[in-house]
Amino acid sequence: MTDGDYRHLYVVMEQEEGKLVPVSLEMLSEARRLMDDFNKKYSSNEKVVALLLGDGVKEISKVLIEHGADVVIVSDNQELRYVRNTIYTKLIAQIATDKEVAAKVESVDSASFKKPRYMFFAADSVGRHLSSTVMAELDSGLASDINKLVVEDLQLTHQIKTAGKPLTYEKTLEMYRPDFSGFLWTTILCLDNRNPSIERDYHPQACSIIPGVFEPIESDSKRSGKIIEYLPQFEEKDLLVKILDRKIIKNEIDFDARRTIVGFGRGIKDAPEQNVKLIEQLASELEAEIGVSLPLSKKIISINQSIDSKYFIADRVIGSSGRKVSPKLYIAVGISGAIQHLAGMKDSEFILAINPDEYSPIKDECDIFIKGRMEDVIPMLIENLKTQKKVVQA
Amino acid sequence: LSSLNVTVIVKLEPDFSEGNVSYNPDGTLNRAETKNILGPHSALAASAAFYSKVKYAAKISIGTMGPPNADLILQNAQQISDADELYLFSDRIFAGADTLGTAELLKTGIHKMQGPMDIIFSGHRASDGETGQVGPQTAWKLGFTFLGNVIDYEVDLKNRTVRAKHSIRLQGFYDVIEEVEAPLPVFIAIDPSYKPTFNTASQRLAFQKYQKEASDRAQNFKQYLKILNAEQLGADPKLIGLAGSPTIVYKVEKIPKGKAGRQAEVIDGSSNEQIGKVVARLRQALSTMVIK
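One line per chain: the protein sequences are A and B, in this order.
Residues in the first sequence are numbered consecutively from 1, following the numbering used here.
Residues in the second sequence are numbered consecutively from 1, following the numbering used here.
Don't read these hints as lab results, they were simulated from the structure.
In this text the structure is predicted, and so the values were computed from the model without any measurement.
Heads up, some of the hints might be wrong.
[Said to hold, decoys possible] In silico PhoX-like cross-links for lysine-lysine, where the CA-CA straight-line distance does not exceed 20 Å:
id	chain 1	residue 1	chain 2	residue 2
1	B	Lys277	A	Lys298
2	B	Lys257	A	Lys363
3	A	Lys386	B	Lys238
4	B	Lys254	A	Lys148
5	B	Lys209	B	Lys112
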């Protein structure tokens, strides 16, 4: 491969009814930061390219430029109003491999263009599937649920990739993925096979990015960029997939309506049933909604059908893979403070943590840390809440 | 009566439930000590297929890629779905594949099963890899319409279409339940919230009949089982296993603790007096007016 084969960082935007989903600008901002470094270190010619598909979305193109895109490729068509996997996948893959488009993105070095160098998608229920099918079509690698990205030249020796010889992989995207516990990071690389017996290019290096992780950069109306319109073409058979109805669901668990949220985690495990009861009493005393940490939603602890289906569900998860909350008071019960959970609650005004382990990370993200077992602490909290309430009423 | 040919792809996974899972001192999963089971999302995909059996008298087959002992999860999935055929794709060279290499192998395997398929079910994601990529990538390689996060589906046998409801979560926006119609064949990844319901008396009778049949079959599951290796599948060794995997795991490390966001006051949890003071602080925090 030559360096002209794979160029730029393409970012697939998500929008709903003409409004950008927040993760779009988050991805774009991280793309900008990464490309700024890349431009300094390697070449100033490569760009951040935002891909925007939808119906009546042209106007958002400018917003994308103000938030870091050098180029916006926009495909505006009524068939693209909602995401249908097949037509979206085909269209994104077409755009990403189109030489004429590449020539518009950048006038130099586009002759040998094959595919993007890097590609970002959102790790949500739309982007997760779209990234998978697009990368299957583009025949390259995909890392999911990423929360840190670095570009480096890496010297690697790998049995399969390099046939055991040390080789340098330039401009390699290190994709960091927190594991299910939230305490371990796995770095994933997408590498060409340079082993002569299985030689093969694997580009773009792609990932899906966890919503809520990266800070969007400030909008800058002085930024300039290029907008390229792309006329989509559809195969008739792909349009046979029809959207018959769409219902917006108001979530029954409404964290935003409460001044207090009590979140609990794995720490309930010594006496799950009693502890959940205690947490319910505490929450009712404070008129609080109840949330859980991600591991609990995976039903690693089972109490009984009615409690499990009430609490150990995705809708109650607070964190980067769930809801982001910022109540006046957040009480973390038996939550050690994995980075994903912290991302979902650290903007709360006042945070109280109850945990027997003074070294758990939650201590660095709370205002008061009660060192103790929830079994002992919560009853005392409830008692004191009751007595102090009486004092006020009297 | 038109027939329906249904396949489920399932996965052998570590049992992550409390008490069964075991971790190494450094926090990584202790695979040797942790029991392996039919993944919970795979089990749900098998129930979705069973719904097709009860409702449409579908023919059901199940496929998995895994080590030789993965035959036990095929038995388990047969017990759930009353499958007619079980396929285990097993070969050393399949090991270590990433999602693209796995999807390629599953595509090759599904082509060896008795097709053509009308619906393929998979779980939402595996509990160990947790990418949720293998389902859609397999669908794409097979040329099937992919429908993800499906919470409900019905088949129109006459018109050869499926109607499915699926949930879309847009962080920072709202959730949507979308109803779609697609011509068969389709690939359905079942949402964790899926619950099959059987409303009519005849469905409940069929349910019981097939459930009994499933138990009988699962007792003798080996007679329904075919085990195929790379050569028997005719898999291209360059496209599967490690060779067919673009991605590698470069390193695993502990996530370093970030800068302390707040300076916590540490309170002794055994002192009622101290806790009384905490409660006063909480009440104060709740009553403060904050102008944003």
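Note to self: Run through the hints listed earlier and report the numbers of any the structure violates, in increasing order.
What the structure shows: 1, 3, 5
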